[in-house]
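Number of protein chains: 2
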Amino acid sequence: MALFIQKFGGTSVGSIERIHRIAERIEHTCRDGHQVVAVLSAMSGETDRLLRLAHAVTPHPDDRELAVLLSSGERVAIALLAMTLRSRGVNARSFTGRQVGIVTNSSHTRARIAKIMADPVRKALAEGVLPIVAGFQGVNEQSEVTTLGRGGSDLTAVALAAALKASRCIIFTDVDGVYTADPNVVASARRIPKLSYEAMLELASLGAKVLQARSVEFAAKYGVPVEVQSSFQKGEGTLVTHEDADMERAAVSGVTGDRNQAKITVVGVPDQPGIAANVLGAMAEACIVVDMIIQNVSHQDALTDISFTVPRSDLARAMALVTRTAEVIGAKTVEVKEEIAKVSLVGVGMQSHSGVASRMFRTLAGEAINIMMISTSEIKISCVLDERDCNKAIQALHAEFGLDHAPGQKGMTGRGEGTTS
Amino acid sequence: MALFIQKFGGTSVGSIERIHRIAERIEHTCRDGHQVVAVLSAMSGETDRLLRLAHAVTPHPDDRELAVLLSSGERVAIALLAMTLRSRGVNARSFTGRQVGIVTNSSHTRARIAKIMADPVRKALAEGVLPIVAGFQGVNEQSEVTTLGRGGSDLTAVALAAALKASRCIIFTDVDGVYTADPNVVASARRIPKLSYEAMLELASLGAKVLQARSVEFAAKYGVPVEVQSSFQKGEGTLVTHEDADMERAAVSGVTGDRNQAKITVVGVPDQPGIAANVLGAMAEACIVVDMIIQNVSHQDALTDISFTVPRSDLARAMALVTRTAEVIGAKTVEVKEEIAKVSLVGVGMQSHSGVASRMFRTLAGEAINIMMISTSEIKISCVLDERDCNKAIQALHAEFGLDHAPGQKGMTGRGEGTTS
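Protein chains in written order, with this note's numbering: chain A, 1 to 421; chain B, 1 to 421.
Honestly, the hints are just simulated from the structure, not real lab data.
Incorrect hints may have been included.
Which stretches of chain A does chain B cover? Using the computed rule of at least three CB atoms under 8 Å from a CB of chain B, they are [unchecked claim]:
hint	region
1	43 to 57
2	68 to 75
3	88 to 97
Here a beta-carbon is modelled for each residue, glycine too, at the ideal position from N, C-alpha and C.
I would like the entire structure built from these sequences, with the hints used as guidance.
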């Protein structure tokens, strides 16, 4: 008997009919002799509806109240699924974040999980009860409602899998796995059957929307095997786990495009120690994730420029902070560019293949695409470019690195490293 | 400085614009130097939407899960009002039923309040915070969500007023007070400026929808003055309080019609002690409120009939129970009539005026209306009749008892007791 965490996203619980279909799927797993804990998101569209209400009230809704508002969406979903299962004779019971004992810090709408008690869930399982858990929510030490931020239900599922030592955490979503590129952009994009946490982490943080980066981090830390599966059709998905022999070690496993970034440049900053810390410290305090950072070489006038990217949804808050800091440190001005995209190549194999970066730059140059910022890690290379060029760049890179063929297949070897250098 | 509990119903929080209007009204009371605790229902239509979802899932949704589902509606409302007030510079904070410390029994969807801690609300008030409380919800001793049943937000408001020893509990609703009859049925119906708890209790339990009976009971028990006011226009409403000299002591203060009852008759019951207890005990256990009960005189064959009325919404559950009990006690059959209405006269003055009942029956007879069941208390007389005759009965009685004129006014004395006997 294995214990599975099954997480269902918003589209999977988007209608009564789909809730019934989930109930069937859960029952099926139980009939196979396994235990299940289900984790749910809000019904699709519900979180957006609630956000619209909040923004109709005020442009800057209070974070504590926003968490109370948004957390109601998952409560609806868990109650509906629990009553569906009960009406089918399954002894299911809903659990809110508080009832599970998901304790977070007090950053109300982007809370980080501090600990998961999970005792009530363990007790329920021992009693033969099937727990249906609200994703995305917790409580702080003062027992106030918090939410984990967008995509937080994945995190709830993975964290619960870690706490309960589940055999696997299965994320059911509207796609059947992680692809070498967005199939809407690249027609020949291919599902990746198995991925390491590291590669998945880079893909997630680079805009592949299937799994949220924080959840992958958590899964890697606690060694939780995570599987992405389609909630609409049966079949294989993508398994994310520790790197092993059977995993693809192609130089590049995927190309991603992220259009949710904006670039802020602080121009004419006196080039003194601590300046970058000043600018970026304010972002950190406001929990705004700064992605790429570039500080120019000092000009002759001892002034420098600092550019960095932030999520577009945080741009207004970021600008308010940066403008204030810029004044304090005596910078000349602050510039913004919203219409950017970050295109990235990811692959664990990059560690042992050289020349990927230069081949990437050459490919983009061949398409006459201008690169604004570059950042690299051991297993990814990202370029910020004009949003207009995003799809063209992804398509060119997907073809260049032979991603439409599995590594080891003829197509790949025929077009692989051989064509470089 | 007085402390007011201000309760706003679903239509009062039915749109963003209306939530802003409530915020203004609350601010206004604060500017006058008073303290406010707001209690909210779900936005109008929301509870029905959630109920529809539940019933789309299964005809008999589980009670525990239904409470989780329905309680989400008030959370949305309190978060929206709290963020609205905060955006206007008021230090407001939302409180769920659990956060207030509203502890109930475990009858999940019709829970009774066992105790209200209210310490967090007291603490907030002391800190200058304006508490916005979710009506209709609490938690049981196991910290599971419960709901107080339809109209339960009134109860939350009154109970909180009692716990906090508030000066007054003001119920804002879509009408400007309690009327002598439903103005949609009787054009000349008149607002009653001041009513005793007893008269209000009878009016409420008889179908005047302005205040829920349980709330009035609670208010009477703890001596909380309750005022019904319009949330859309300023002006006087109806104050419900202990009987005093200033209160109208007309024989009859109002006529009500209740179309939400259904009649069940258990036919051919062996006339033995304990039979009624058997039939009605099952209802009590299922928390179904039985209203009128009539047991016929025994027939020659030592068989009797028991008729009683239950809320129409509970009819299906009641019938399931009664049918089972009828078999056990050896009754012949069970009959149902849904299309009934209960028309009632209410008035504290009835205690000291005789002849009200006979005058009521004569008036109905004059309209050729057949009476099926009769029940009386010190301050009310109710007749169950065919639903078709309901409006005609109310209009005739309203006119007969001169309710379109305030007592003491010419019209009333001219048409009052003088015309009887």
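Structure versus earlier hints, numbers of those that do not hold, lowest first
none
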